[in-house]
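Asks: What follows is the residue order along each chain.
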Amino acid sequence: AQSVTQLGSHVSVSEGALVLLRCNYSSSVPPYLFWYVQYPNQGLQLLLKYTSAATLVKGINGFEAEFKKSETSFHLTKPSAHMSDAAEYFCAVGAQGGSEKLVFGKGTKLTVNP
Amino acid sequence: EAGVVQSPRYKIIEKKQPVAFWCNPISGHNTLYWYLQNLGQGPELLIRYENEEAVDDSQLPKDRFSAERLKGVDSTLKIQPAELGDSAVYLCASSRGEFGDTQYFGPGTRLTVL
Chain V
72 AQSVTQLGSH VSVSEGALVL LRCNYSSSVP PYLFWYVQYP NQGLQLLLKY TSAATLVKGI
132 NGFEAEFKKS ETSFHLTKPS AHMSDAAEYF CAVGAQGGSE KLVFGKGTKL TVNP
Chain P
15 EAGVVQSPRY KIIEKKQPVA FWCNPISGHN TLYWYLQNLG QGPELLIRYE NEEAVDDSQL
75 PKDRFSAERL KGVDSTLKIQ PAELGDSAVY LCASSRGEFG DTQYFGPGTR LTVL
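Chains as they are written, first to last, in the working numbering: chain V, 72 to 185; chain P, 15 to 128.
If we strip away everything but chain V, and leave its shape as in the complex, we get (with noise of 0.2 Å):
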């Protein structure tokens, strides 16, 4: 079974500075790992995922993740936060081989304060 922590309902940063959310999963087999973000009345865009290829993956609007297996972790991080960044973000575990089903965190909030 698969199951994502994301520390922290809430994080603050002010624009320019970096952002940097949390994401801790457990599975019994080789994850596939998700990040993707919502904004406010939407559903949810794909920031980007992995998939057993390079560790540190590159998605959309600046952001990045970097898949620790020693450390089952997959941090979001962003250098510079823009006001546009604001939204609520979700990881998500698959499992590799397994069946289709995500298990998502229960979310992040970001706010970025000009």
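No lab work stands behind these hints, which were simulated from the structure alone.
These numbers were taken from a predicted model, which means no experiment stands behind them.
Treat the hints with care, since some could be wrong.
Said to hold, decoys possible - With a straight-line Cα cutoff of 30 Å, these simulated DSS-like cross-link-like pairs (lysine-lysine) come out:
| id | chain 1 | residue 1 | chain 2 | residue 2 |
| --- | --- | --- | --- | --- |
| 1 | V | K139 | P | K92 |
| 2 | P | K25 | V | K180 |
| 3 | P | K25 | V | K129 |
| 4 | V | K177 | P | K85 |
| 5 | V | K140 | P | K76 |
Claimed, not checked - A few chain P residues that don't get close to chain V, going by computed Cβ distances all over 12 Å:
| id | residue |
| --- | --- |
| 6 | Q31 |
| 7 | V33 |
| 8 | E58 |
| 9 | L84 |
| 10 | V87 |
| 11 | D88 |
| 12 | T90 |
| 13 | D115 |
| 14 | R124 |
As the list claims (entries may be wrong) - Some but not every residue of chain P turned toward chain V, in silico, with C-beta under 8 Å:
| id | residue |
| --- | --- |
| 15 | Q55 |
| 16 | P57 |
| 17 | G114 |
By construction, the Cβ of each residue, glycine as well, lies at the ideal position given by its N, Cα and C atoms.
Given chain V's structure and the hints, the job is docking chain P onto it.
Replies: Positioned in the frame of chain V, the structure of chain P alone reads:
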């Protein structure tokens, strides 16, 4: 390429009334998912279809929820009768059906049960 289409976007009903949600996936996507998203939570899978077959409905409350995907394209999710606790956002997603494929989400239907 058109995205996942859902309707209605918003629905307000009295408790004990029936309600239905409709989803049209991305063309060519064989796999369709219905997720439930409660306020402040990540999406939770209700049911997954591969073509017209429901392959994972273990989380669907079958006493009041039903779903169908006739002809393996559009899908309808129904609740009868609705309860106050069903107030949530119902998300539809689709994918090509390969392991690790991205799931593309629709905008969701926000249901309010009074």
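Asks: Next, verify each hint and record whether it holds.
Replies: Structure-based check of all given hints:
{"no.": "1", "hint": "K139/V <-> K92/P", "in the structure": "41 Å, violated"}
{"no.": "2", "hint": "K25/P <-> K180/V", "in the structure": "25 Å, holds"}
{"no.": "3", "hint": "K25/P <-> K129/V", "in the structure": "38 Å, violated"}
{"no.": "4", "hint": "K177/V <-> K85/P", "in the structure": "34 Å, violated"}
{"no.": "5", "hint": "K140/V <-> K76/P", "in the structure": "38 Å, violated"}
{"no.": "6", "hint": "Q31", "in the structure": "23 Å, holds"}
{"no.": "7", "hint": "V33", "in the structure": "19 Å, holds"}
{"no.": "8", "hint": "E58", "in the structure": "7 Å, violated"}
{"no.": "9", "hint": "L84", "in the structure": "21 Å, holds"}
{"no.": "10", "hint": "V87", "in the structure": "18 Å, holds"}
{"no.": "11", "hint": "D88", "in the structure": "17 Å, holds"}
{"no.": "12", "hint": "T90", "in the structure": "18 Å, holds"}
{"no.": "13", "hint": "D115", "in the structure": "7 Å, violated"}
{"no.": "14", "hint": "R124", "in the structure": "8 Å, violated"}
{"no.": "15", "hint": "Q55", "in the structure": "6 Å, holds"}
{"no.": "16", "hint": "P57", "in the structure": "5 Å, holds"}
{"no.": "17", "hint": "G114", "in the structure": "4 Å, holds"}
Of the numbered hints stated above, those contradicted by the structure are hints 1, 3, 4, 5, 8, 13, 14, listed in ascending order.
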